[in-house]
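So you can see what is in the structure, the chains are spelled out below.
2 protein chains.
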Amino acid sequence: MQNIDQYLEQNRQRFEQELCQLLRIPSVSADSAHKADVAKAAEWVADQFRGMKLKVELIPTAGNPIVFAESPPVAGAPSVLVYGHYDVQPPDPLTEWKSPPFEPTVRDGNVYARGATDDKGQMFTHLKSTQAWLATVGQLPLQLKFLIEGEEEVGSANLEPFIEANKDKLACNVVVISDTSQFGPGQPAITYGLRGISYYELRLKGPMQDLHSGTFGGGVSNPANALVAMLSALINERGQVQVPGFYDDVDPLTGRERAEFAKLPFDEAEFMRKLGVKGLRGEEGFTTLERRWARPTFDINGLWSGYQGEGAKTVLPAKAGAKFSFRLVPKQDPKKLSAALEKKLRELCPPGIEMELVDFHGAPGVTVPLESPFVSAASQAISEGFGKTPVFMREGGSIPVVATFHELLGVDTLLLGWGLDDDNTHSPNEKFSLADFHRGIKSSAHLWRHLSQIRA
Amino acid sequence: MQNIDQYLEQNRQRFEQELCQLLRIPSVSADSAHKADVAKAAEWVADQFRGMKLKVELIPTAGNPIVFAESPPVAGAPSVLVYGHYDVQPPDPLTEWKSPPFEPTVRDGNVYARGATDDKGQMFTHLKSTQAWLATVGQLPLQLKFLIEGEEEVGSANLEPFIEANKDKLACNVVVISDTSQFGPGQPAITYGLRGISYYELRLKGPMQDLHSGTFGGGVSNPANALVAMLSALINERGQVQVPGFYDDVDPLTGRERAEFAKLPFDEAEFMRKLGVKGLRGEEGFTTLERRWARPTFDINGLWSGYQGEGAKTVLPAKAGAKFSFRLVPKQDPKKLSAALEKKLRELCPPGIEMELVDFHGAPGVTVPLESPFVSAASQAISEGFGKTPVFMREGGSIPVVATFHELLGVDTLLLGWGLDDDNTHSPNEKFSLADFHRGIKSSAHLWRHLSQIRA
Numbered sequence: 001m002q003n004i005d006q007y008l009e010q011n012r013q014r015f016e017q018e019l020c021q022l023l024r025i026p027s028v029s030a031d032s033a034h035k036a037d038v039a040k041a042a043e044w045v046a047d048q049f050r051g052m053k054l055k056v057e058l059i060p061t062a063g064n065p066i067v068f069a070e071s072p073p074v075a076g077a078p079s080v081l082v083y084g085h086y087d088v089q090p091p092d093p094l095t096e097w098k099s100p101p102f103e104p105t106v107r108d109g110n111v112y113a114r115g116a117t118d119d120k121g122q123m124f125t126h127l128k129s130t131q132a133w134l135a136t137v138g139q140l141p142l143q144l145k146f147l148i149e150g151e152e153e154v155g156s157a158n159l160e161p162f163i164e165a166n167k168d169k170l171a172c173n174v175v176v177i178s179d180t181s182q183f184g185p186g187q188p189a190i191t192y193g194l195r196g197i198s199y200y201e202l203r204l205k206g207p208m209q210d211l212h213s214g215t216f217g218g219g220v221s222n223p224a225n226a227l228v229a230m231l232s233a234l235i236n237e238r239g240q241v242q243v244p245g246f247y248d249d250v251d252p253l254t255g256r257e258r259a260e261f262a263k264l265p266f267d268e269a270e271f272m273r274k275l276g277v278k279g280l281r282g283e284e285g286f287t288t289l290e291r292r293w294a295r296p297t298f299d300i301n302g303l304w305s306g307y308q309g310e311g312a313k314t315v316l317p318a319k320a321g322a323k324f325s326f327r328l329v330p331k332q333d334p335k336k337l338s339a340a341l342e343k344k345l346r347e348l349c350p351p352g353i354e355m356e357l358v359d360f361h362g363a364p365g366v367t368v369p370l371e372s373p374f375v376s377a378a379s380q381a382i383s384e385g386f387g388k389t390p391v392f393m394r395e396g397g398s399i400p401v402v403a404t405f406h407e408l409l410g411v412d413t414l415l416l417g418w419g420l421d422d423d424n425t426h427s428p429n430e431k432f433s434l435a436d437f438h439r440g441i442k443s444s445a446h447l448w449r450h451l452s453q454i455r456a
Numbered sequence: 001m002q003n004i005d006q007y008l009e010q011n012r013q014r015f016e017q018e019l020c021q022l023l024r025i026p027s028v029s030a031d032s033a034h035k036a037d038v039a040k041a042a043e044w045v046a047d048q049f050r051g052m053k054l055k056v057e058l059i060p061t062a063g064n065p066i067v068f069a070e071s072p073p074v075a076g077a078p079s080v081l082v083y084g085h086y087d088v089q090p091p092d093p094l095t096e097w098k099s100p101p102f103e104p105t106v107r108d109g110n111v112y113a114r115g116a117t118d119d120k121g122q123m124f125t126h127l128k129s130t131q132a133w134l135a136t137v138g139q140l141p142l143q144l145k146f147l148i149e150g151e152e153e154v155g156s157a158n159l160e161p162f163i164e165a166n167k168d169k170l171a172c173n174v175v176v177i178s179d180t181s182q183f184g185p186g187q188p189a190i191t192y193g194l195r196g197i198s199y200y201e202l203r204l205k206g207p208m209q210d211l212h213s214g215t216f217g218g219g220v221s222n223p224a225n226a227l228v229a230m231l232s233a234l235i236n237e238r239g240q241v242q243v244p245g246f247y248d249d250v251d252p253l254t255g256r257e258r259a260e261f262a263k264l265p266f267d268e269a270e271f272m273r274k275l276g277v278k279g280l281r282g283e284e285g286f287t288t289l290e291r292r293w294a295r296p297t298f299d300i301n302g303l304w305s306g307y308q309g310e311g312a313k314t315v316l317p318a319k320a321g322a323k324f325s326f327r328l329v330p331k332q333d334p335k336k337l338s339a340a341l342e343k344k345l346r347e348l349c350p351p352g353i354e355m356e357l358v359d360f361h362g363a364p365g366v367t368v369p370l371e372s373p374f375v376s377a378a379s380q381a382i383s384e385g386f387g388k389t390p391v392f393m394r395e396g397g398s399i400p401v402v403a404t405f406h407e408l409l410g411v412d413t414l415l416l417g418w419g420l421d422d423d424n425t426h427s428p429n430e431k432f433s434l435a436d437f438h439r440g441i442k443s444s445a446h447l448w449r450h451l452s453q454i455r456a
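Taken in order, these protein sequences are the chains called A and B. All residue numbers for the first sequence refer to the working numbering, where the first residue is 1 and numbers rise by one. All residue numbers for the second sequence refer to the working numbering, where the first residue is 1 and numbers rise by one.
Keep in mind the hints are simulated off the structure, nothing from the lab. All values reported here derive from a predicted model rather than from experimental measurement. Ideal placement from N, C-alpha and C gives every residue a C-beta, glycine not left out. Don't take every hint at face value.
[Stated by the list, open to error] When the alpha-carbon atoms are kept at most 25 Å apart in a straight line, the in silico DMTMM-like pairs for lysine to aspartate or glutamate are as follows:
1. K313(A) <-> D422(B)
2. K331(B) <-> D248(B)
3. K205(A) <-> D421(B)
4. K336(B) <-> D359(B)
5. K313(B) <-> E153(A)
6. K319(B) <-> D422(A)
7. K205(A) <-> E283(B)
8. K205(B) <-> E201(A)
9. K205(B) <-> E153(A)
[What the hints assert, rightly or not] Stretches of chain A that chain B covers, calculated by requiring three or more beta carbons in the stretch to come under 8 Å of a beta carbon on chain B:
10. 190-199
11. 223-235
12. 282-294
13. 311-319
14. 396-407
Next comes chain A alone, as it looks inside the complex:
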């Protein structure tokens, strides 16, 4: 790897310049005014692969094009699929940016621009590591496939159908995604678990129209009263979800995981200070990290009923509604949950109230077994790239494409985040540490080697 490492050192400046080229393209997928910029970014990425003499396709979809590139198979070595996205969030509010969002500017070792960390900068590390192999060794030690989409920031509506229709093309042994964060500054991490989600809207209808709460109060079911009673019955005061069967498929946290979590330098006082809260509360019997990363939850995301204006209005509302979601851990089945939830809510629904439960979407949680050789390979590569052994963490959110890869391609995903929590993803002044950019490239280059040594 010496030649490669040397090549990376010698090309730092060029890599940064190229990254800035990509960051200058305002590929905002949510804004149709940027349609041409989105196309330009796709072309720019495709050009990178063309420069490496990889087989490249720019594949149109109902939305923005997918860039697909691949190197030849290598006998006995695995195939690895790299997923990333070239589209970015809108930059608003513009006035809060210290330097313009599409004029990448370096301050204190960070490049500031929309997309710096999410996901142009992180995704680009895997292109540069690949180029380094090809420029020095002349070939890759394993087959790489790149799937770089342009609709991640608007829901990836065309991605799953594409994967479904192209299972052979995308066939691989493992997926690599760099679109997350390190545990903290100077502490790289491998994210080996994501929670799933099941999201619902509950709509309750009582009387035909809003009634006078004096004349009718006590005589007729109040949908807002019913709503709070029904929702509060879904979780007890110990933070345990009360939908029958909810925990049946929840694997207990292993001793190893709990020990690993406990070793992480998580500062609860600092966490509370950042959030502006004076206390924390969640499922009894688990630490804050365990509750955020590895335990299922019930959270109300929205509530509405009756009069929300100023002052007092004595109305008995005709309707009430809520949006709420469960975060799920692996093996919990959103469909099974939906059925049990609907049954429970119907039992709780009082006379005189009609209920409708809208099932928005469900995605199961995923974990990569810590014992997986892919995880070991990633751990070694990151140790070499960052000069520090990565910690193993999970993440409370959901990255639906990871579940899709698992379901449709039957493979696990390595989530190797080079970003930091305070990179201002989706916010003004998005940034990416250039040191981490280069460490990411080096880790990626070493990853190809370590992964190539796993028998496919």
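Let chain A serve as the given structure and place chain B on it in line with the hints.
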């Protein structure tokens, strides 16, 4: 009373013409464009009293004038204060009126106009009965005082200070108000009880800003979860309020009251059909009428938190809030309730949530003892005026001025409603039955006689 009854018969047409004069004045108190019309209506009412040679004052307030008139005291007979209002609700939406709101039109024995029943038509009955006494007998058998305000439809902000400052002027033995409804067509009623109210807003604050429900869910208290848990803890599934001490001062319904309620021709199936509900639910152990009229309640009037738009947003809200109110029965003290409620909510509030409880307003419930001689007098008068014995009913809403009269003047109020439930109060096509208008005048004329026989 024969002369009086004969006079009333002979003057039916004139009474109706005069009522129409008053109804033609668009005295909409909520609309400053009608300021002059409001003043005109006050003058018109004052002129009526001047025509009867009563002592009249048109008293300016910070808002609209109060018309006050009185007849001389009668030794040994009580003084009676008649309260009413000359202002009306806005007529919108205008397009839904079959005839213009300020061009009174008679159809099927009803006069259609804004203010027909609320409260010009009903209030006017007491002026005409008084005039009948003066025109025939030459004097009243008791002292009458009239307090006719012009801000009832906008909250009567200037009324309580006026009463407070004029206790001597307003001193009386009983108050009479006609601004409610009969039990049903052909079934007059005396409303002898009103519920009080205590209205609150609960504001919960969690993290400084909305958080990602995946990354943070389970780790930090969710204000919307806390809100539904706290609110649902205020009432159990049997419909019983769970604030400590809430029922301590609630008198049980008497056997007589329950028997009277049970005798009323209340059609529960028809009630449900009108409301569009398939079932009713309220405090266990009580009938629907008992629950609406004579039992305290807890109703949520408004709810809000997080995302209320279309689709799914995975937000852990920073804030949640609710408006809610208790309807109270006599002897329940809103201040005592506020203290117990705040204590209970603070106990329920989980770590990481800050709560604020806003106490909007409280008014106690009131009842007139059924054994009161004033009630008997009213019952006899109505029997004579309507040709049918009135039933005794209560009303679930609150008429704050009734509690004010009780508190500041130490007197009960007779609520003698000549209207009907379907009079479209506050709605297009407001109406008042002319037959009931004349029955009301006759009842009122007889009421003065029956009340005069009570020793003051």
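**Prompt:** Which hint numbers does the structure go against, in order from smallest to largest?
**Reply:** 9
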